[in-house]
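S.K.: Here are the chains, one letter per residue:
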Amino acid sequence: MGLDLLVVDDSPVTRKMVRRALSLCGLEVTEVIEAADGAEALEKLGQRHVDLVLADINMPVMNGIELVERMSRDPELCTVPVVIVATPMSQDRVEFVLDKGARAYLAKPFRPEALRDVVVQILGTTGGPNA
Amino acid sequence: MNLVTIGIGGIEVSADRGAVLITHGLGSCIAVIAYDARRKIGGMLHFQLPTSSLSPDRAAESPGTFADTGIPLLFERMYALGSRKADIVVKAAGGGNFHNDNGTFDIGRRNHTMMRKIFWKAQVLVAAEDVGGSKSRTARLFVDTGQVTIQSGSEVMPL
Amino acid sequence: MPEPTPALLTDILGQVLQESAFIFAEPDDEPAAWQGPVLTARIAFESTRGGTLRLVTTPAASAEIAANMLGIDPGQEADENGRAAVAELLNVLGGAFLTRYFGTAVPSQLGLPSTELGDPPPPARRRCCATTVRLESGAPVVMELDLEEGR
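Residue numbers (the numbering used here), protein chains in the order written: chain D, 107 to 237; chain Y, 1220 to 1378; chain W, 379 to 529.
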C-alpha cells in the first residue's frame, strides 16, 4: 500500500518542493494532500486518514506547534506521526517541538534523501509492495 | 575482470558483467555512478567543472568535462544500452575542497551544487554520495553486482 | 557579541541560495542600480535582540529563484511563484541568520515573511548592514538587516 501524506506549510513553493521531493525520493506515495496552516490541516485530518504529516512551524492562523499539541490531545489523531519541516532553529525550540509530540525535525532546505530517511525511520516502510 | 578506467571528462557505460568501472584521483571533480540493477548496466562519468558555459568549445570536444553536458550524456549512453530512467540508481563521489581561498565558493562545492541542481530538475534521486572534505578518492563500480566502493588512501568503503 | 557584518550576510545569503536554489551568487561591492519596480520581502525576528531582515530583488530575479527552487524551466509557473519563492528564501535566511549570529543556545523566533512589489528603496536608507550579490543572470539580490540596539 502506498502512503498518504499531508503537507502543511503556508508557502506554496515549499509545498511544491516537498511534493517534488516525495515524487523522486523512492517512497511509494499514493496521495499528497496539502494544507496552508494548522487549522486547515486539522480540518483535512478530520475528513480522512493519512499515514504521516509533514508540517512547518511558522504559519498564520494556527502554527505547527499548536497543530502538534492539538493532534496529541485528539484520540483519533494522536497516533499520526508529525515531522516538523522548518527553518533552522535554536536547540531549545527543537526540543520544545519534540516535547509537544512531533516525532522528528527536518531543517530547511532539506534534501530528498533526508526526507525519505526520516519517513522510513518513523513508518518503518517505504510504502512499496515489498515493504 | 575487465577493468575500464575513466579519465577526467570521461564517460563509460558497460553491460559486461565482468567489468569494473574505475576512476582515480577525484579531487574537486565528481564521479557520477549510474546503475541499472534490472539489466545489470553500469555507467560512470568523471566531470571536472560545473557548467559548459565556462568553455563551450571544450564542451563540444569533451562534454564529459562539465556537469551540465556530461550528466545528460551519461544517461543517454545508459539508455542506448537499453536502460530506463526509472531503473537507474545514481551515486556520486568527489567534490572535495582543495583550493578554498575565501571559504565560500570553491569549485568542489560548485560541482556538487550543479550536480544536485541537474538531478533535482530531472527528478532523479542521488541514492548515496561521498563528497566534500579534502581527500582524494578512487571510485569503483562492479557491474555484476552494482556494488560501489570509494577508496581514500588504503581505506576502501562501500557506498 | 560583535555587531553583524556585511560579510556575514554575504556568506549566509550565498550559502542559502546555493542550498535552497542551487544558485551561485557572486558578491558585488556596487550598490544595486534598480530600474523599474522591485520586490521587497520582510521578516521580523526576536532573540536577545530583535530586528528585521529584508530581501530586495527584481521580479525577473524572483522568477529565476522560483524556477531553481521548483526545478522547472523559466516561464509562467516560475513567474507566478516568484513572490512566494523569495518569501520562503527569506524565511530560510532568517533561520540561518538567527542560528549563525545568536547561536542555537538562545531562544529565537521568526515572524512571518511578507512581500511587496513597489518602488526601489532610497539608496541612503538607514540600516544596520547590507550586502549585494548577483545571481548567474546578473540580477542583484540585496539583503538588509536592521538590528535593535544591544540590550
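I should point out that these hints are in silico values taken from the structure, not numbers from a laboratory. As the structure is a prediction and not an experimental result, all values here were calculated from the model. Take these hints with a grain of salt, some might be off.
[Said to hold, decoys possible] Derived Cβ-Cβ restraints for the label pairs, each shown as a range:
hint	chain 1	residue 1	chain 2	residue 2	range
1	D	S129	W	P499	38 to 46 Å
2	D	D205	Y	D1276	56 to 64 Å
3	Y	G1365	W	Q393	44 to 52 Å
Positions of the beta carbon are idealized from the N, C-alpha and C atoms, including for glycine.
S.K.: Compare the structure with each hint and give your call.
M.R.: Here's how the hints hold up against the structure:
1. D/S129 with W/P499: 38 to 46 Å: Because 39 Å falls inside the window, the suggested range holds.
2. D/D205 with Y/D1276: 56 to 64 Å: Between D/D205 and Y/D1276, where Cβ atoms are some 59 Å apart, the hint holds.
3. Y/G1365 with W/Q393: 44 to 52 Å: With Cβ atoms ~34 Å apart, the hint is violated.
When held up to the earlier numbered hints, the structure conflicts with hint 3 and nothing else.
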